[in-house]
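Trainee: Here are the chains, one letter per residue:
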Amino acid sequence: MHFFLENIWVIPLAPLIGFLINGLGCFLRLPYVKSRKFVHFVACTAIFVAFVFAVGVFFDLLGMDPAHRSFTKTLYPWISIGSLEANVAFLADPLSAVMMLIITGVGFLIHVYSIGYMHEDPGFARFFTYLNLFCFAMLLLVMGDNIFMLFIGWEGVGLCSYLLIGFWYEHKPNAVAGMKAFIVNRIGDFAFLIGLFLLFWFLYQQGHPTVAFSGIQENVHLLEGAKVGGISLLALVGILLFIGATGKSAQIPLYVWLPDAMAGPTPVSALIHAATMVTAGIYMIGRLNFVYSLAPEALVVVATVGALTALFAATIGFAQNDIKKVLAYSTVSQLGYMFLGMGTGAYTAGIFHLMTHAFFKACLFLGSGSVILGMHHEQDMRRMGGLKKYMPVTYMTFLLATIAIAGIFPFAGFFSKDEILWKTFESGGHQYWYYVLWGMGVLGAMGTAFYMFRAVAMTFFGKLGERAHEIAPNEVEEDEHGPHQHEHHTPHESPKSMTFALVVLAILSVVGGLVGIPYALGHFFHIPNFFEEWLAPVFAGAHGEGHGAHHDVPVIEYMLMVFSVAIALATSALAVYIYTKRKDLPARFVTRFPRLHRLVHEKYYVDEIYQVLVVNNLLRINQLLALFDQKVVDGFVNFAGTVVRFSSKVAGFTDNRWVDGFVNLVGNSISFAGASLRKAQTGLVQNYLYIAVAGVIALMIWRLL
Amino acid sequence: MDKLPLLTIITFAPILGMIAISLIPKEKKNAIRWSALLATLPSLLGAVKIFMDFDRTTKAMQFIEGPLNWIPSFNIQYHLGIDGISVTMVILTALISTICIIASWNIEKQLKGYFILFLLLETGMMGTFVAIDFFLFFIFWELMLLPMYFLIGIWGGPRREYAAIKFFLYTMAGSVLILLVMLALYFYSDGHTFNMIALQDQSLHQGPLSSHTFRMALWWGLFIGFAIKVPVFPFHTWLPDAHVEAPTAISVILAGVLLKMGTYGFLRFNYQILPDITVDMIQVIAVLGVINIIYGALCAMAQTDFKKLIAYSSVSHMGFVLLGMASFTSEGLNGAVLQMFNHGTITAQLFLIVGIIYDRAHHRDINGFGGLATTMPRYAVWTTLAFFAAIGLPGLSGFISEVLIFLGSFKTWPWLTTIAVSSVVLTAGYMLWTLQRVYLGKTQEKYKDFPDITRREAFCLLPLAVIVIILGVWPRPILSMMEVSLNALNQSLVPYGAHVASGLGF
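In the order they appear, the protein sequences are chains A and B.
Just so we're aligned: the first sequence equals residues 3 to 707 in the working numbering.
Just so we're aligned: the second sequence equals residues 300 to 805 in the working numbering.
Some hints could be false.
[Claimed, not checked] EDC-like, lysine to aspartate or glutamate: derived pairs with alpha carbons at most 16 Å apart:
1) B/LYS741 / A/GLU172
2) A/LYS36 / A/ASP123
3) A/LYS391 / A/GLU495
4) B/LYS408 / B/ASP354
5) B/LYS747 / A/ASP123
6) A/LYS583 / A/GLU468
No lab work stands behind these hints, which were simulated from the structure alone.
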């Protein structure tokens, strides 16, 4: 009946097959991987098939009654031991459908883009192998019907992220960046696992041990009021799971890996480190919204960390010159907005921003990739400028996506970001703290508009290389491949496979927001908020959601809307003005406030602080323990050997007549001990062995007789 | 007996091979190698048959042979059998032994003696897991010690004598304790038996055996005896030395099979024969487990010798087994025995991997390598797979056992488990740091011409890697073998106060 729902397993399977074909081909050096056409055909087809099935699933769900749009396909029981039952099962509901569409849709575009971007790379086949594997893992993450399935995907995407950040592993910093990403994520996973265990055992205590989302949803209310050491259990679980999310989704304090992750090829930055993987934490909260809705304390933490990150990362974006670094901090900041939305209980708004962000940030990253390729592997914006002339398509798409991220009406970012800010402001009515968070969000939004238009101005406006003199001679230039020698080339537009993806994503950045027009605007034209209606069954019962009939739109909502568009426009214009007309201003600012600039430019020295406080101390402890192991624990063993050896010598001196039989054996073995651990009297050991073997043989003969 | 004596075959087939090899002139090296391989095949095929025929619905001993009276005057019997606790270890032993014969193909020094000792070792290991009679168990336990001593002491590295003697004496010290406990159980039990199943019957524990203090002494004797083998902190220092000096295949055996005998001994003797004391002392096991996990991981991170690093990672990973055993939950206990199996397959790969690079570079200094992924890409793929299995990546077998252990023990020991779970960060730390230093980065000039992994080397890794992947996505075949026995074992502890049915440990 529902063909696509019944065959939903095809969605993750297709990229898995793509991975196996290209992966085994690479590993066994089969002839077909020499053909780039074959490799990218396999990889792109795999993800395209997944996309087609994801669309099919969407329409199958659409055809169902909205209240019952949920379908679980169980393949087989994975782990079932004791009270733990985790199946390999896929869940199709409005939320996972949205995620599947984003992953396969944007994923497909980025696969196509990569054909052009990676064209000259010797690791072409390896790249597509990893990319397919990533899509597989990411789909498991969003499709799993239980937390364990989510966790396989969660770690699986971590593995792919590791492999792809270190894709050009011959350059050491890339390899280190990959390692850093995985380890920092594991810190989050540590908390995530503890949260999971707590939730599981408390549900067990209530008689419903389950890891399936549906089971948790049904029984989580039983845990209301449960306490652990005086803290609300659900709040603790929510916060622990959220710490896991701060790792994967790059929030304070675990965001530090994401900027370094830009060492990977640019399509990877777009797909994994902007559009999909890093949103896993937001998805997780959306999926477990029923837990969070019962834990307001956890929501406040989520919202606060989100708002702080949104503002903090935006400020770092002001002082970066590497185009990918700007986008990386921008991603951190935008993820903060999504968490702010989730933490406000406005889950729909958070997921909505997740989707629009996937469009415009993927477009921006791919655009930056196009620029980097067009500039012959140059990432420093100070060497760019005036690219508008050389790369018109890249320029237009980049500009549209920038307008979208800045939140200017009616582009996609406006609708989603404004929804989040409005919901935050609205929550301020219940809890004043949310007004503060709203203020941080607005400041962050201004920052976003500023640094993004700064990037546009530095890259596309003005003249090529007009800022090159700002680069200090001692600055080491590095691109993805390592230290970089600057050569003069004329920039050029990228091939069609790349611009195709850019154009599609730019269009989505422009119109993508129209699926979620807020009631405040939509009711004039009788346009419903499709997105909210679509996700309503998933988030039903969540507070702050589904205000029922929105009849009265408070005037303040319109005022805030106008206000946020106005400030976005104003700061955008300011950025363009400063970076095109008053190029002296930034330099004057730097000379006026050298310390502040340095602090921001060096990302507030967070990496350095972590290095000194955590990494160095850990390494010191390791060294100490290893020494302790060698000198004290093992030293004691050796000392015992020496003591026994000495005493056996004394014993041997006083009693040189040995008793026969068993006593002989015991005496002998003491004297091996005496033989010391360093100087072996091998003869004695052999004696013993002869006796032992002879004994065994004698016993065997005895048995036979 | 009308049935095929399967356990006798898998245990003693290597002895036949040993005799055959002793008749081959030592110049015919290939004949010796092939005979050795042939001699392990009956055990491997037997293990496959056991895997297929094992009755997964009972906790009782299966494939029983005997009891035949061996030394009737002491009531010592030839009595073999396996249940859910030992069956996976038997399969693991057969598998690892065969792989190690192949991995030993390039041994040149005194080849004949090497394989003779190796096959004797296999018989000892196999016998340890299938014996039901305590005395028989002890014979096999000791039997395994001798070839191990020589294999390290003759074919080992520069400090082989020190390492071999240390291993030997340390294990001997443990054996003495086990021997004493065995004799005490024999003499004081009603009916004077060595039968390990009969000894589980607490009503046989008469006289001094019913005294708590005496039982406590026996428990500690067994515990220390087996703890040395695991090895449990602070009895672990023989392990890094033995590993570093042992030839590759022997390290694989050591980590893959021998260490499990310690934890197997806990379950078979401490848990089943002295359950009341086990419940009293469970905190000790849990705490030592956590110390092993964290201490092992931290020490591993400080190592610069690749093999020593893997040795310490074994200390850490065997700690998981202890923690799972101490959980008193079905999840934890099953996780622990699964971890014994998984650690066997994963660590075997890690030691093989170290061996491969040592054969080429003749050193193991982690900081002396770099960029091997460029010169040996396939080797790097194998390594990455094995490393991530050791890290516990979901989808690979290590994850299943790790998460079962953590989940199970969290119920009983929430704080200890929280400390232990931090190892997910530490393990990733030392594993990936090693991966980065050895395989990534710029290729060094002197390693440019290293040949990639050979067919033989890959052939050793292949079955292990396949098992790791299959059990990661479909752990049922192995879990189902142990589940019934372990759940029964877990239940059997309840009367002694294991808080299985009670609430959380908060």
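Trainee: All hints, please: hold or fail.
Mentor: Status of each hint after checking the structure:
1. For a cut-off of 16 Å, the pair hint linking B/LYS741 to A/GLU172 stands: about 5 Å separates their Cα positions.
2. Pair hint A/LYS36 plus A/ASP123 holds up; C-alpha atoms about 12 Å apart against a cutoff of 16 Å.
3. For the hint pairing A/LYS391 with A/GLU495, the CA-to-CA distance comes to about 10 Å; that is within 16 Å, so the pair holds.
4. Simply put, B/LYS408 and B/ASP354 have alpha-carbon atoms about 44 Å apart, too far for the 16 Å limit, and the pair is violated.
5. Restraint check for B/LYS747 and A/ASP123: not satisfied, since their Cα atoms lie roughly 21 Å apart, outside the 16 Å limit.
6. Among the hinted pairs, A/LYS583 with A/GLU468 is consistent with the structure: their alpha-carbon atoms are about 13 Å apart, no more than 16 Å.
Hints 4, 5 from the list above are not met by this structure, while the remaining hints are.
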